[in-house]
Amino acid sequence: MHYIKIALHDRKFMIIFSVMILFVIVTVFAGVFAPHDPIAQNYDAILQAPNKEYPFGTDQVGRCILSRILYGGKSSLLIAIVVTMLMAVIGMTIGLISGYVGGLTDTILMRITDMILAFPHIVFVIAVVSVLGTGTVNLIIAMTLISWTMYARVTRSMVLTIRKEDYVEQARLSGAGRPAIMFRYIMPNVIPYLIVLITQDIGSNLLTLASLSLLGLGSQPPVPEWGFMLSEGKRYMQTSPWMIVFPGMVILICVIIFNLMGDSLRDILDPRGITRKENWVRRKKAKK
Amino acid sequence: MLRYIIIRLLHTIPVMLGVTFLTFLLLSFAPSDPVTMKYLNMGVSGDAQVMEAEREELGLNDPLLVRYGRWLKNALKGDFGESVSHNHSVREEMLKRLPRTVLLAVWSLIITIVFAIPLGILSAVYKNRFADYFIRFLSFVGVSMPSFWLGMLLIYAFSIKLGMLPSISGNNAIGLIMPAITLAVWMTATYIRRLRANILEEINKDYVIGLLSKGIPQWKVNLKHVLPNALLSIITMFGMSIGSILGGATIVETVFSYQGVGKMAAEAVTARDYNLMQAYVVWMALIFVLVNLVVDILYRYLDPRIRLGEN
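So the protein lines, in turn, are chains A and B.
Counting in this note's numbering, the first sequence runs from 1 upward without gaps.
Counting in this note's numbering, the second sequence runs from 1001 upward without gaps.
The set of hints was computed from the structure by calculation and includes no laboratory data.
Please read these numbers as outputs of a predicted model, since none were measured by experiment.
Wrong hints could be hidden among the right ones.
What the hints assert, rightly or not - Calculated cross-link-like contacts (lysine-lysine; reagent style PhoX-like; alpha-carbon spacing at most 25 Å):
#1 A:Lys-12 to B:Lys-1127
#2 B:Lys-1038 to B:Lys-1073
#3 B:Lys-1214 to B:Lys-1224
#4 A:Lys-234 to B:Lys-1214
#5 B:Lys-1096 to B:Lys-1127
#6 A:Lys-234 to A:Lys-52
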């Protein structure tokens, strides 16, 4: 729990964290903030440049781009968060089992991850979507099917070191069952490190989601989605550049926020110890 | 060394068998089969009995392993079947498009190396000075930049506003400029960040202090000892980047209407062209596995701890 204490005193982290919470709140309560209906078409206001009525302009059927971006957060930002949590939980569970149970189970699970890792990421997502058919739910399934492997590998390698610790041994000797050891004694030590990975992954999953929607494989119209808004905007880019400028900028800002947060969380939790080591070396040099 | 290469080559065989089988298994769950697709493309609903007979003739009703064996036998001969959406063989389509994607990938790798290595070094050498902050800021934005958006902005600036470059990339060198840059930005940014971290980690090691205390100037130590070690782990990153290049190519090619395999794959999904899809996935996995093999061998060769330890 001392991590939370450090985080609360880290000003950089708290700023980024509040911005992120703000984005999530705005997305969840998009209806409160959006000035217009995101789906309602208005043929009197087609392709309007940003103005007082429509701050981000309108698209080819007169829909308010600001409102579409706000509502679009649900099928972009929130889904990216959900997908990442989902793959982390699945990956972590498999990694725990693989690392703690070991033996044949471990071999089989690790060979499967090897196989999946032999595919370039997006290529495999496209292949799975081609079988399941396009759509948001299928995209989530496809991404989860592939990306749990990284979490499984990281968890497994951590379990292999943690399981040798004395307190785990003591828990086992005092009669704790396998599930209890895995989930009550080992898991709490794995989670802080996974949180760093999860935060960094939300950004890249947001990008994957948006780019696959751009290819027409994700959410289907008229549901607003940032990637799809860009692919619509591309056709009207010449005369109405605001159609691509604003959705793209929102994606960029969100990815930046999650990357910044990942970086500052890494500094706080520091799984690789680089920053800590750097500080230590600096202190040693200062003493000299 | 030779023994290692042979062992690694033998290791790729089960991996490739697994990859092809996994792809085959995956695509066998597809809701429609070639016969249905053929009639669908002709725009007629075929007679159920005729269609069933055709399926039987094509061997689509055989057990999965038999079909996989047949597919593998043909694939080894370079025959991936017919493409339903292009009206000619998958092989022809792949041969036409694969070189273009490879060309795009190679150029973006060249751009990455040319920019990432000097900037990464600069950033580490001038740590916490203006140049470092500037490069770090740029590479941070580069890492977070959606490639498709960057591509669109480039089209808007250079094709629409300035009229300097074509917005639709034809099969020529000029058309390659923007897609290659778009694909390279993310990689350049990650390489800069990694190289900077590597150099800073290396510079704090004891042997550097030892060399410095012997009176060897800092720049000489950096150039002769720190840099080669820092660049070593960049080589393993190459293997990883191939995956993101091949995946990223799908998006960049679509944005720039560049006729490579990536755009082909995105179209194959909507056209439900499973033969083409399968050939694409297998080829991408093959390239990915082979490049990583070369990277591993290169790494072993370049790392004296491993190379000399063997002899």
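Q | Given pair status - A:Lys-52, A:Lys-234, alpha carbons within 25 Å | A | holds (24 Å)
Q) Is A:Lys-234 within 25 Å of B:Lys-1214, Cα to Cα? A) Distance of about 61 Å is beyond 25 Å: violated.
Q. Given the hinted pair B:Lys-1096 and B:Lys-1127, is their alpha-carbon gap at most 25 Å?
A. It is violated: about 47 Å lies between the C-alpha atoms, which goes past 25 Å.
Q. Taken at face value, is the distance from the CA of B:Lys-1127 to the CA of A:Lys-12 at most 25 Å?
A. holds (20 Å)
Q. Are B:Lys-1038 and B:Lys-1073 close enough, with their CA atoms no more than 25 Å apart?
A. Judged against 25 Å, a Cα distance of about 23 Å means the pair holds.
Q.
Given the hinted pair B:Lys-1214 and B:Lys-1224, is their Cα-Cα distance within 25 Å?
A. holds (15 Å)
Consistency note: the structure conflicts with the earlier hints numbered 4, 5.
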